[in-house]
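Visitor: Chains as they are written, first to last, in my numbering: chain G, 99 to 218; chain Y, 99 to 218.
Everything labelled a hint here was simulated from the structure, so no lab data went into it.
Heads up, some of the hints might be wrong.
Identical copies carry no separate label here, and so any pair may be met within one copy or between two of them.
Claimed, not checked - Only pairs whose alpha carbons sit at most 30 Å apart, straight line, appear in this in silico DSBU-like list of lysine-lysine: (1) K207 / K107; (2) K107 / K178; (3) K207 / K159.
Protein chains: 2
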Amino acid sequence: MRNLLAITKALSDESRVRALMALQDGELCLCQIIDLMGLAPSTISKHMTLLLQAGLVERRKEGRWHFYRLARNGVPAEAKGALKWVVHSLRDEAVVQSDSEKLSRIREKDLEALCACYRS
Amino acid sequence: MRNLLAITKALSDESRVRALMALQDGELCLCQIIDLMGLAPSTISKHMTLLLQAGLVERRKEGRWHFYRLARNGVPAEAKGALKWVVHSLRDEAVVQSDSEKLSRIREKDLEALCACYRS
DNA sequence: TCGTTGCTTCGTCTACTAACGAAGTATTGC
DNA sequence: GCAATACTTCGTTAGTAGACGAAGCAACGA
Chain G
99 MRNLLAITKA
109 LSDESRVRAL
119 MALQDGELCL
129 CQIIDLMGLA
139 PSTISKHMTL
149 LLQAGLVERR
159 KEGRWHFYRL
169 ARNGVPAEAK
179 GALKWVVHSL
189 RDEAVVQSDS
199 EKLSRIREKD
209 LEALCACYRS
Chain Y
99 MRNLLAITKA
109 LSDESRVRAL
119 MALQDGELCL
129 CQIIDLMGLA
139 PSTISKHMTL
149 LLQAGLVERR
159 KEGRWHFYRL
169 ARNGVPAEAK
179 GALKWVVHSL
189 RDEAVVQSDS
199 EKLSRIREKD
209 LEALCACYRS
């Protein structure tokens, strides 16, 4: 029950759902997600931590960068089912498609340039 | 997105998830759910309304009684998938089994007797 | 039709949550 | 080492959500 509630609570915020869907096309650095969502770094960091704790997302550290991706290895059945359901339900959602297009442009940018958000 | 968030928000509270799982063995009158959960009638009513608006549950009025059951007819794919996921994830959950046992005893009681909760 | 009953809605209070900026932490480069 | 960088955590504030009792509403019974 606790796992399920962690998942449903993680999925009950639009920003987190959008962030989750953004990871469909591959892993993203936190600064890329910040650029996509247009929220403060601390806010996005907290959102991603919640998705992480719910088991929906995995984190990989490479130097100073933190990359997030959809959970794949050793994922409990609850989280796996939830991911499947969300991705299937939102496949044709307008916001998700719009984010996907924005992301293809964000991926072209330099990571260090995106990290300017921490200093402005 | 709005539908999905209505569903995840409805599922992000333990009382509502328990109420939903309680409907697995068949429809229940509101007073039976109140007896099971031990919360105020107004609280349970609000919870069930949220589940209703999320499309997870259906309501049937029979005289003064309101019966709730899991959504079956014309259910959008999102809600259907969510129901499947939750039921599957919580099939072996202790609280759910305990509630199921309590319910078999509650079903034996008289509905009018259970409605005493509105007058105490 | 008028009171009773079963439930819903309203008003209120408390507790949690999303947002931010500031301060803290871990890693790199010099 | 030590500054800079890429986050994370902390502290605060404003909005939301869950709990309750009181009041309102719809259906039945006499």
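Visitor: How would you label the pair K207, K159 (within, between, both, or neither) given a Cα cut-off of 30 Å?
Guide: So K207 and K159 pass the 30 Å test inside one copy only (20 Å; across, 58 Å).
Visitor: How do K207 and K107 come out at 30 Å by Cα distance, when the copy is not named: within, between, both, or neither?
Guide: neither (32 Å within a copy, 35 Å between copies)
Visitor: When no copy is specified for K107 and K178, does a C-alpha distance of 30 Å or less occur within a copy, between copies, both, or neither?
Guide: Intra 16 Å, inter 19 Å, cutoff 30 Å: intra and inter.
Going through the hint list in order, the structure does not satisfy hint 1, though it satisfies all others.
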